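J.: Going down the list, the protein sequences come from chains A and B. The numbering used here numbers the first residue of the first sequence as 16 and each following residue consecutively. The numbering used here numbers the first residue of the second sequence as 16 and each following residue consecutively.
Derived by calculation from the structure, the hints in this document are not laboratory data. Since this is a predicted model, take the numbers as computed values, not measurements.
Because identical chains share one entry, a pair is satisfied inside a single copy or across any pair of copies.
Here are the simulated SDA-like cross-link-like pairs (lysine to any residue), alpha carbons at most 20 Å apart as the crow flies: (1) K43 <-> D134; (2) K62 <-> V126; (3) K64 <-> S32; (4) K66 <-> N37; (5) K104 <-> Q61; (6) K62 <-> N37; (7) K104 <-> V126; (8) K43 <-> G53.
Number of protein chains: 2
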Amino acid sequence: MTASVNNIFRTSLPVISVLGGNVMHGMKNTDIGFKGFGEAYFSYIQKNKIKAWKKHLKMNLNLIVPLGSVMFIFMDEKGSFRKEIIGDKNTLRLSVPPGLWFGFKGIGSEVNIILNISDIIHDDNEVIRKNISEINFDWKH
Amino acid sequence: MTASVNNIFRTSLPVISVLGGNVMHGMKNTDIGFKGFGEAYFSYIQKNKIKAWKKHLKMNLNLIVPLGSVMFIFMDEKGSFRKEIIGDKNTLRLSVPPGLWFGFKGIGSEVNIILNISDIIHDDNEVIRKNISEINFDWKH
Numbered sequence: 016m017t018a019s020v021n022n023i024f025r026t027s028l029p030v031i032s033v034l035g036g037n038v039m040h041g042m043k044n045t046d047i048g049f050k051g052f053g054e055a056y057f058s059y060i061q062k063n064k065i066k067a068w069k070k071h072l073k074m075n076l077n078l079i080v081p082l083g084s085v086m087f088i089f090m091d092e093k094g095s096f097r098k099e100i101i102g103d104k105n106t107l108r109l110s111v112p113p114g115l116w117f118g119f120k121g122i123g124s125e126v127n128i129i130l131n132i133s134d135i136i137h138d139d140n141e142v143i144r145k146n147i148s149e150i151n152f153d154w155k156h
Numbered sequence: 016m017t018a019s020v021n022n023i024f025r026t027s028l029p030v031i032s033v034l035g036g037n038v039m040h041g042m043k044n045t046d047i048g049f050k051g052f053g054e055a056y057f058s059y060i061q062k063n064k065i066k067a068w069k070k071h072l073k074m075n076l077n078l079i080v081p082l083g084s085v086m087f088i089f090m091d092e093k094g095s096f097r098k099e100i101i102g103d104k105n106t107l108r109l110s111v112p113p114g115l116w117f118g119f120k121g122i123g124s125e126v127n128i129i130l131n132i133s134d135i136i137h138d139d140n141e142v143i144r145k146n147i148s149e150i151n152f153d154w155k156h
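Isolated chain A, as found in the complex (with noise of 0.2 Å):
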């Protein structure tokens, strides 16, 4: 199966208002896009910063960002792209087959925080990376 930008999806992360800090939802074991639990790690990404371009042949990320916002962009092989905005002004989970390119940016605060929960541990096997000069792209926001 060639992995294709459409079958990226979006889940609505409920937030719950708590006195002293509020409560997001990140993942439960019977959401879609849930695939066993691999691993749990996060990124931080500066602002205007980017990191591109990487792809997971095998990896399915599950993508929530609790703070601050980020732009992730996906490729895939027919050449097509997606953009998705997520944060705290868009509490969404992204849920990514493996198979397709992929950069982020750090778009909100000074500091933006992604939380990643793939099905399969890292493995740096299962990864390969591009310069980012080597997927045109234009990521001014």
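Assemble the complex: chain A is given as a structure, and chain B must be docked to it using the hints.
T.: Here is chain B on its own, set in the frame of chain A:
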């Protein structure tokens, strides 16, 4: 088995330096303290605010602080207290068995973030609560 504050354990979380923003480990399915994946959710706690007290009867918690710093207070049935401060200056995960009273206070930045990776989905029937004044503790940091 009676839960004891001695059964809480701490795991150091590796932080990888990356240009544009670091990466921090959260939890792998092979880690000690991993008892299955039920749910991941975020709690935000503002500076100097306290949320207390709560006891889970079934849930195993794995607490990570990806932003700021949080003081956690645990109390067991013998009345023993344990204080743990985790966050960006002390990147640890706390694995907490059910049966302990706990509360927490934001002490790092204006907003502090906790991620709980729990082995069961949130269920209000397995949570008991007390008002902050019902357990005497000096919350001064």
